[in-house]
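**Q** Using our numbering, the first residue of the sequence shown is number 1, and each one after it goes up by one.
Keep in mind that a hint or two might mislead.
As the list claims (entries may be wrong) - Derived DMTMM-like pairs: lysine to aspartate or glutamate, alpha-carbon spacing no greater than 20 Å straight-line: (1) K125 with D20; (2) K187 with E153; (3) K93 with D47; (4) K280 with D20; (5) K216 with D230; (6) K120 with E284; (7) K194 with E174; (8) K93 with D316; (9) K216 with D98.
Since the hints were made in silico from the structure, they are not lab data.
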Amino acid sequence: MLLLSKDDIENFYSLEDCIDAVGDAFKLFSAGKVQVPLRTQIKKQNDQDTFLCMPAFCEEYDASCVKVLNMFPNNINQGLASINAQVLNIDAKTGIVDTVMDGTYVTQLRTGAASGVAFKYLAKKDCRKGALIGTGGQAETQLAAMLSVRDLEVVEVSDLNFERAQEFAEKMSEKLADYQTKIVAAKSANEAVKNADLVITVTTAKKPVYDANNIKPGATVSGVGSYQPDMQETPAGLLEKADKIFFDSQEAVLAEAGDILKPLAEKTITNADFTGDIGKVISEDISGRQNDQEIIFFKTVGIAAQDLMTAKSIHDKAVAEGFGTYWN
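With the sequences and hints as input, model every part of the structure.
**A** Take a look at the structure:
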């Protein structure tokens, strides 16, 4: 069995590799070629901490995996990752678990790659400013994905804790220096999103984190947090003014995401406002962006197909290039 740590994966696998894999995942998922049961969830009595199990299989991709994942939002206050996981890659021909890899990092990669895919296919070509709301465990790859698909002049970063936003901006300015994008802390989320062409929210907020009036025409917004029905980081007003609303999986979003479920319950929006899954844009079954004035919202809660294609591509590249440790 091959064991792959985060350091191992970072040595040979890029976010651009992952964006390609996740694009395949969305396309095959929307074509009905990936078997992805809704993830199993067990929630603790504190109504915050969550245990998850996510299996997936794709005959066409010759891939199978199971991810065991735990979400503990308050870990950030202890300097710990809010998401911890392992991914078991399975040989689809024999059923043997051939690789165990750092699922926390795989989750960070594939979650960031989801926004990367959304911006690649839905954002206007000429983007100058980005905004990132939230600096938790998923934030680094979200920022990197934004920079990898569009040449931005500046990204403003916001967090409930301004000092944490400053520290994050300084750290990422150094880590992502090759992109030559100015990364700065904003004093508020509204300041960050104002005039932004690309916006990512990745929080556990239960109330909207910015005013929809600050989202300009032509913006593309990726809602990454709000993975439970009681969470809502995206204002209902943004959904009202959005020209198109896309999903990683509409079924999964409607089962879990307060960003969509709350406005639906309040009749701010209806199912008729939904455009469809992004996989159908990739396969050209439906249209994506049609002009530079459209406001487009992409909602992702994460689906096992992303883990599946990411894990498979990591495994294949690790074996081909000789990375990792074998456990006999």
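**Q** With reference to the structure, classify each hint as holding or not holding.
**A** A quick look at each hint next to the structure:
1. K125 with D20: Answer holds: K125 to D20 is near 18 Å, not above 20 Å.
2. K187 with E153: With a Cα-Cα distance of about 19 Å, the restraint between K187 and E153 holds, given a limit of 20 Å.
3. K93 with D47: With a Cα-Cα distance of about 40 Å, the restraint between K93 and D47 is violated, given a limit of 20 Å.
4. K280 with D20: This hinted pair holds, its Cα atoms lying about 15 Å apart.
5. K216 with D230: It is violated: about 27 Å lies between the C-alpha atoms, which goes past 20 Å.
6. K120 with E284: 14 Å, holds
7. K194 with E174: Violated, at roughly 25 Å.
8. K93 with D316: 15 Å, holds
9. K216 with D98: Judged against 20 Å, a Cα distance of about 48 Å means the pair is violated.
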